[in-house]
Structures are given as C-alpha cells and as structure tokens.
Amino acid sequence: MRKFILLLLASIFITGCARQPRQPHTLMLAAQSDVSWLDPARAYDTSSLPFVRVLYRGLVDYGDGANIVPAVAERWTISPDGKTYTFYLRKNARFQFDQNGKQPGRRVTAQDFRYSIERILDPQTASDGMTFYYTIAGAQKWSEERSKPSTKVLSKHVPGIVVPNDDEIIFHLNHPDATFLNYLAMPFVYAVPQEWVEKLDREGETLNEHPNGCGPFQMKEWIHDRKLELVKNPYYYDQTLPKCDRILDTFGGDDVLHLMRFELGDVDVQNLEDAAPPDFTRMTDSPKWQPYTQHAPMMDIRYVALNCEMKPFDNKLVRQAMNYAIDKSTFKQILGKRIEVAHGVLPPGTPGYNPNLKGYNYDPQKAKVLLKQAGYPNGFSVTLWYAPTAATWYGKAAQLIQANLKQAGVTVNLKAVTYAELKTAAGKRHNIQMSLMGWLQDFPDPSNFLDVLFNGEKITDTSSNNRAFYNNPQVNALLNAAGIETNQAKRLKMYQQAEKIIVNEAPWIFLLHTERYVVHQPWIKGYTLHPMWSARYEYVEVKRQGE
Amino acid sequence: MFVELLKKIGWGIATLVGVSLIVFILLYMLPADPARTVAGERADPATIAAIRHQLGLDKPLPVQYVYFVRDILTNNLHSYRNNDLVMSAIARRFPATLLLALAGIAIWLAVAIPLGLLTAKYSGSVFDRASLFLGLIAISIPAFWLGRIFQHYLGYQWGLFSVGGGGANLWSLPLPALTLGFAGAAYYARLLHSNLGSVMNQDYIRSARARGVSEAKVLSKHALRNAIIPVIAVLGLDVASLLSGLIFTEKIFAWPGIGSLAIDSILNLDVPMIMGTVLFSALMVVAANILVDVAYIFIDPRLRK
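Listed in order, the protein sequences are those of chains X and P. One point on numbering: in our numbering, the residue at position 192 of the first sequence is 192, and numbering is uninterrupted. One point on numbering: in our numbering, the residue at position 12 of the second sequence is 1012, and numbering is uninterrupted.
No wet-lab data here; the hints were simulated from the structure. All of these numbers come straight from a predicted model, not from anything done at the bench. Beta carbons: idealized from backbone N, C-alpha and C, even for Gly. Some clues are possibly wrong.
Said to hold, decoys possible - Just a few of them, taken from the derived set where beta-carbon distance is under 7 angstroms, the chain X residues facing chain P:
#, residue
1, R261
2, G265
3, A420
4, T424
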C-alpha cells in the first residue's frame, strides 16, 4: 500500500508538468457537455447539429447565407401552384459504410430520403421534427395512425411522397408552403440507410451510436461524456471537402476552463456567448485576439411570456405597462455588446424584419399610469419562473427584471427551476403567469417565430409553444394566410402586419436579441459564422506551423 | 464476526432500498414532465403521450418503481437525454472517479500522517500552532474556489500542470487531486494530532519510553497504530463528503467521472441518470462503511475475538 501511494504521488507530480501532444491537422474543440444525439431524427440542439450535419447530408443545404443550395439533390423544380416539389439526385453520393461496416457504402437513392422522412414521422422515433413535415400530403394521418396501437393494416408509405426511380423524389404538399425547402434543409431528414438502421435495431444497437451518412466526415470514436472524434470521409461526393482531417471534441468543464485551454492553445475555437463579462471584454478588446474574433446575430429572441389567460396579464394595459417598466439597456451589464434591444419579435436579419417597429422605450411613469388605468394603482405581486441553469444570463436577467418592475410598483417573486421544469410549467395552460424564456430560430423565416409562438390556433393544454397563450383571431388569420402564400413579398408583408399587432398587444415583454461571438486560433482558416448553422466544420482548415 | 458482517451487509441493502425509494418519490414529485424532456421543444401532445406510454410514465407509481428496480438491476435503464445505458455510463466513468478519489485520499494520508506526527511531537510549539492555523484555513476553503485558484495559477498562469479538460489521465490528475486532497489533509492531520495527544499519555507509551525505545519509534510504532483507528473510522464516514467534493472538483477540471455526470444529469432532468448516480453514491458510502468495519479488525487485534 505504501509503495502504491508513493508511486501514485510520484507519477502525479512527474507527469503533471507535461502537456498532452496534439494530433496534426486536427480541429480541437471543447464543450461543456456531451453531444446529445448523432441520429439526425433526434438531433435538435446546438451540441448535436454541427456534427450531424457533417456526418449526414440532405437533399438541400444552406449556401454561404440563408439561401438554399443543392446538396444530394443536384436540382429541383416547383410546380406553378407551389404544391409539388420534384428533386433530382446526384449519382455519386454514397453512404460511409456498407452492411458489414466496410467502406464505401452503397449509393444514396431517393428511397433513402423517403425512408428518412417516414422514420421521423413515426412517433416511435420521438423526433422533434415530426410536425414540420405534416405539410406533406397525408403525412399527419400516416403519423397519427402509428401513434396508437391498431390492428388494421397501415399504409406503407406517406401518399404525398412519390419515388418514381432511384434518382427522383416528388413531394405533394397539402397547400403551398414557402418554407418547405427550409424543412428539407433541416438535419431531421438527412439520408440514412434503412437496412443499416434495421440491422442495428435487430442487434439491439442504435444509429445514434453507429452513424452512417453520406457527409464529409465519418465517426471514428464516441466515448460518451468524454470525447467525440470524427475523421475525413474519403468517399464524400465533393472531393474538395473537408478541409481538415479530423475533429476532436472533448466534453466537460465550463467556459472558464475552456477559455484557459483556448489561450494555452489546446482548443482551436472558443465560443464567447456565455463568457463572464471581464473575460468577454478582455478577449474582444485584445489586439492579439481581435483579428480572430467574429460576431454575427444569434437569430434569437429572449422574452418574458405574460400569460394572457391569467390575471393580471389578461389586461392589455398591464402587459404594456410591463414593457414600459423595463430598462432593457441595463442588460448590457450582463452581456455587454452581445445584446441588441428588441423592438419586436423578429431578430434583425430575418426576412421580413421591420426596422421601423418602435416597440416600447423605457418609461416608468407611463407604466405607472397604465397600471392605474388597469385598476392596479398600487401595483401587484407576481411570480417569475426562470431557469438559471439554461445559461448564466437567465439568473442575472431575472434579478434585473425584478429590480426594474419594483420601480413600477410590481413585486416580482423569483422562482428558479431547471429548464425542463420551466418548459413543462410554461407550456401548461392556466398554470403560471410569467416565465423568462428564449427562442432560437430553426430556419430563417418569420413563420418560425410568429406562427410557432403566437398562433392562437396552435395552443395546446400542455406543451404549448405559445407560452403567453395569446389568441387573436386577426393575427391567426394573417399567420394562416401567410403560411400558404407563395409570393414572398406578400407573405412578408402579412407577417409584418401580424408582428405589429402582436407588439401592440404585448403578450410578451420583448427583451433582446443576442449577438454571437466566436474567437479562433490564428492557425484556423475558413471559419466563418453562418446565419443558420452554428458551425460548418467541413470548410475549416487547421494550418499549424510544422504540420 | 462473520455473522456481524452479514448483518452489516443486510443493513446496507436495506439502506440502498430506502434511498432508491426516497429518490424515486422525490423525482416523481418534481413539477416537470420527463416525457416532454425526451420529446423536445416542438413535439405535439400526441407524441408526448406516445413517449409517456413508451417510458411507462402513465403507469401507477408502484409499478413504475418496480420497472425502475428491474431495469437498473438488468442494466436496461436508459438515459432520457441520449439513450445511453445508465449503469454502463456509470461503470464507464467509475475508473476515473476511483483514480481521482484514491489520489485525493493518498494526498490526505501522505500529508496528514507526517504532519500529525510532527505536530504531536512538537505539540505547543510555534510550528504546531502555525500548522493548526493554516489547517483551519485549508479546511474552511471550499473545493470549487480552491480548484479554480489552483487551475488559474498552477495551470494557466505558471504552466506547471494541466488546467484539465484532457480526460482522465495522469496529465490531468495533479490539480484535481490536490484540490480534493488539500482540505482533507489538513483535517486528518488535526485529527491524528489530537488522537496522538491522548494516546501519548497512556501507560504503554510510558512503558515503551521506560524501556529506552527512541521517541521516533514510540510515535511511529506504538502511538500511531492506536491513534489511527479513529482516523480510519472517520475516513469511512467521509466517503460521502469525498463524493460531494468530487462533484465540484470533477466539474471544474472537466474530469470525466461520476460527479460531473451527476451534475449534467441534474441540469438536464435526466431522471434515470440522476437515480443511477445517487444510488451508486449511496452504494459507495455503504460499501466504504462495511470496508472500514473490516479494516478495524485487521488494525486492532482485540476486535478479532
């Protein structure tokens, strides 16, 4: 025992002085927690999406901006009525592995895309993306048939998806939908090989643990909660990509540790989104790091949902008073230049963003007058639910909101819960009055904010995304009409009209949009922030001296 | 002796069943819907209901508990967050936690025993008082703060050790081990010091001295063996506080052990993983207490009778 202790202590201190060597041409990343999913049907969070999109590929993708470009589909046509989309596939896209795990796998065909979409429409897959594809004719019925046990013979395929041959896939929609290409660019429906998924299922394994797509990288090793290693797929259809040989993401620790590792050169890219204000200022003001710092809108909105079905927020005047009572500039104390004050719902850069929307300026006197008019001359007491663990910001923001509203005579009691509890509580009807929330776009379109978060016809008793339970028939009609309008200028105008009404009726306290800041090492080339993807690793080069 | 041991194991199992029940009921009472956590942000109520059924969450509470016990015993309990097998995840992380815990305990004892002996020998001296004062400071410093200070200065500023994040290996071990060992070393040094103080007044020590045995030998051979018994007892009880120290230490240094797994699962409301980590920690505490009882018997021959 004595020898063991001495040996252990000696080894600790001898090896402590050494640094771990880096592998050449490897992009080194660090994240607080493990990647959640490598199964595209399940991946829907920022930890999973950057990896899923390089392991698999879809029919279409985003270009350098928010424009849709071909991916596995070489081209597509849209019928004049906007209800039929036909895609023609490239012939050189191959899966990474065959049935025996040998490389390369077979060609990616139109059937694979039909299977991938049907797989996420099956409730057993528990995909977050299921409802996006209800726009395909017969998809909702096909899905609902599978949500409950039934003895009747189920239709094999979704009627609205037709596959005439290996190279062609046709989608018939229920109605014209200008966002359908955006849905197809989402990783939920990236191609997966049916026989591979079924084989894994028979063996008690999952696609999540054994990804097999046709993307520029393939998985080498995933040790949960420790590391994920991807390597170049030599059979990727675009032979100019990827630009680096390997990606190594290590998990654990917090932003403080990651920033230290970045400055020591052990990590190549560091997100400054949640960095403490002194660290953020130090990095972004430093002449050393400024040339390697990038920023772009996060395309999000952070807000306080005011439950319009519960007192006192069933009164529009009270809701407006809440908006006038908050000095949004105080949030700069927490996030500095990482915020932009919100005047409405849509973040700048979203199609249909209205720069002329005035929103609510800070006017505590007006807030008091409105509260008096609403019958609350002495204010009231209310509980704000928030999740301090979702991001450091939320805890501090809740305190600022409490302090701001106190000036207007409103006593805010803070209720800190986990994010899961907050989602459950805020999504339940007649449950809580006020919740501090955030929403990040799924794709760059106003419908992804306005229709999802304010369409009263989509309110559900539990799990509602309309957390203010705001229901205005005029707004609903505008949102529904915009959803099936194919003329882009017309539909954006409708969304702007709807947003104007929403802002006036104030179902939320519209707080702010955030700006994303990322710093990378000098030896990293080709890293650019994208309006849709948090990272596009296939374009990143690692050019360290001597490598 | 054997019957006593069996009794202790029996009580240990009863404790684990009790812990599992309490944890299960507490998590069941949380106002959050695990089906919603699994289904995600956009899932419609039909999907959430299907998932609730799939997970057995629509069954009565006692049935759910039985399912839980069955799944945990057969390693069929899956994480809500990423579908990982709970017991496999814990088993995968256990070596890292064990390595860190052993390194921490090694530092406790490697510092505490010589320091305890020296302060006992020079009891009342400036050295003794200074070590008492510094020890009190060391005990009072919380691990999460100390860890950050070590990380910043010894790792980031001076480059002596790895700041962490490189996995569970010897490169990354020194700073988390020091963090974990620091307060414990000071505490055990004081404990040993006071035990030695009372042992040194015993008759057999006087006899040893009268026989001409050197003072160093009296301390290290005659006194230490008796003074260390309460230390071992406290060490067993301290497994619980060691585990809580591990949680912060692992998180700060990105040490991929069970502590950081517990934190991540709590933050994500990954109910099966929370239950798994809590139960595993309870198992460790129970096992450590039984081991301490066995260790007593080897250290103190009187207990063998």
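Q) Does the structure break any of the earlier hints, and which numbers would those be? A) Going through the list in order, the structure violates hint 2 alone and respects the others.
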